[in-house]
Amino acid sequence: MSRNRDERDFDGGDRPGGGERERDRERGPQGGRGGGRRFRRRKVCRFCVDKVDYIDYKDVKLLSGYVPERSKILPRRISGSCAPHQRMLAEAIKRARNIALLPYTAD
Amino acid sequence: MAEKRVYEVVFIVDTGTSEDETTRLLDGLQRTVTDLGGTVTKTENMGRRTLAYKIGRKSEGVYHFFEIEGTGREIAELERRMRVADAILRYLTVRVDEERQRAEKLKARRARKASKRPFAGGGQRGAGAQGAAGEEEA
Numbered sequence: 001m002s003r004n005r006d007e008r009d010f011d012g013g014d015r016p017g018g019g020e021r022e023r024d025r026e027r028g029p030q031g032g033r034g035g036g037r038r039f040r041r042r043k044v045c046r047f048c049v050d051k052v053d054y055i056d057y058k059d060v061k062l063l064s065g066y067v068p069e070r071s072k073i074l075p076r077r078i079s080g081s082c083a084p085h086q087r088m089l090a091e092a093i094k095r096a097r098n099i100a101l102l103p104y105t106a107d
Numbered sequence: 001m002a003e004k005r006v007y008e009v010v011f012i013v014d015t016g017t018s019e020d021e022t023t024r025l026l027d028g029l030q031r032t033v034t035d036l037g038g039t040v041t042k043t044e045n046m047g048r049r050t051l052a053y054k055i056g057r058k059s060e061g062v063y064h065f066f067e068i069e070g071t072g073r074e075i076a077e078l079e080r081r082m083r084v085a086d087a088i089l090r091y092l093t094v095r096v097d098e099e100r101q102r103a104e105k106l107k108a109r110r111a112r113k114a115s116k117r118p119f120a121g122g123g124q125r126g127a128g129a130q131g132a133a134g135e136e137e138a
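Protein chains in written order, with our numbering: chain A, 1 to 107; chain B, 1 to 138.
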């Protein structure tokens, strides 16, 4: 139950300022049956496009884009990051949290 | 032969610390590193910023950054000193040499792939990526 709610949190839609990443995922995997128009744009890893080799934990501007509202790490099914980059990102976010550049939780 | 390790150290200094005290503190820290045979290759004042959460009732701090080359022993001592110093709210040490190596490797691999890609393929890919980027902005 509570897990469901969490997931909906990330589903965008009702979120103000839910940026382009949410737009890629207009409907959940199960909710698409009757719609007809269901175009899911293929998600590409932002970091691969930008050819990023290392994600710096000091780069708050970049990282804060991947910790929505609740300050959870944005899952890659939503951001579309590839596995290696998601790993780097998660590591960087955790480091940033340690030195209070990013919050652990939204209070 | 001790291999050389590269570390990044970020620490937060209390905003209540005077300029004098801060320079003294920073000098002291750098000296602990050099005394133990390490070298401080880069220092940076990342400036004053609001903490993402409160640390010991403080909600603001001045961030400082060191890059250190050494064996690891000076890091142990440096961390001990930082733990003891009241003016330092928090520190984080990250060993970066291995990560940088990995980044280099990725870069090399990408370069290799790019050079192997045939002309047309490369061009198309580039165009496609550009198109997508344009859409995103629109």
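Honestly, I wouldn't trust all of these hints.
What the hints assert, rightly or not - Result set (DSSO-like, lysine-lysine): computed pairs, CA atoms no more than 27 Å apart in a straight line:
(1) A:Lys94 with B:Lys54
(2) A:Lys43 with B:Lys105
(3) A:Lys58 with A:Lys72
(4) A:Lys72 with B:Lys54
(5) B:Lys42 with A:Lys51
(6) B:Lys116 with A:Lys51
(7) A:Lys72 with A:Lys43
(8) B:Lys116 with A:Lys58
(9) A:Lys61 with B:Lys58
(10) A:Lys94 with B:Lys116
(11) A:Lys58 with B:Lys105
(12) B:Lys54 with A:Lys61
(13) A:Lys58 with B:Lys42
The set of hints was computed from the structure by calculation and includes no laboratory data.
Here the structure is a predicted model, which is why all the values come from computation and not from measurement.
Outcome of the hint check:
| no. | hint | in the structure |
| --- | --- | --- |
| 1 | A:Lys94 with B:Lys54 | holds, 17 Å |
| 2 | A:Lys43 with B:Lys105 | holds, 25 Å |
| 3 | A:Lys58 with A:Lys72 | holds, 18 Å |
| 4 | A:Lys72 with B:Lys54 | holds, 18 Å |
| 5 | B:Lys42 with A:Lys51 | holds, 26 Å |
| 6 | B:Lys116 with A:Lys51 | holds, 17 Å |
| 7 | A:Lys72 with A:Lys43 | holds, 20 Å |
| 8 | B:Lys116 with A:Lys58 | violated, 34 Å |
| 9 | A:Lys61 with B:Lys58 | holds, 22 Å |
| 10 | A:Lys94 with B:Lys116 | violated, 37 Å |
| 11 | A:Lys58 with B:Lys105 | holds, 22 Å |
| 12 | B:Lys54 with A:Lys61 | holds, 20 Å |
| 13 | A:Lys58 with B:Lys42 | holds, 15 Å |
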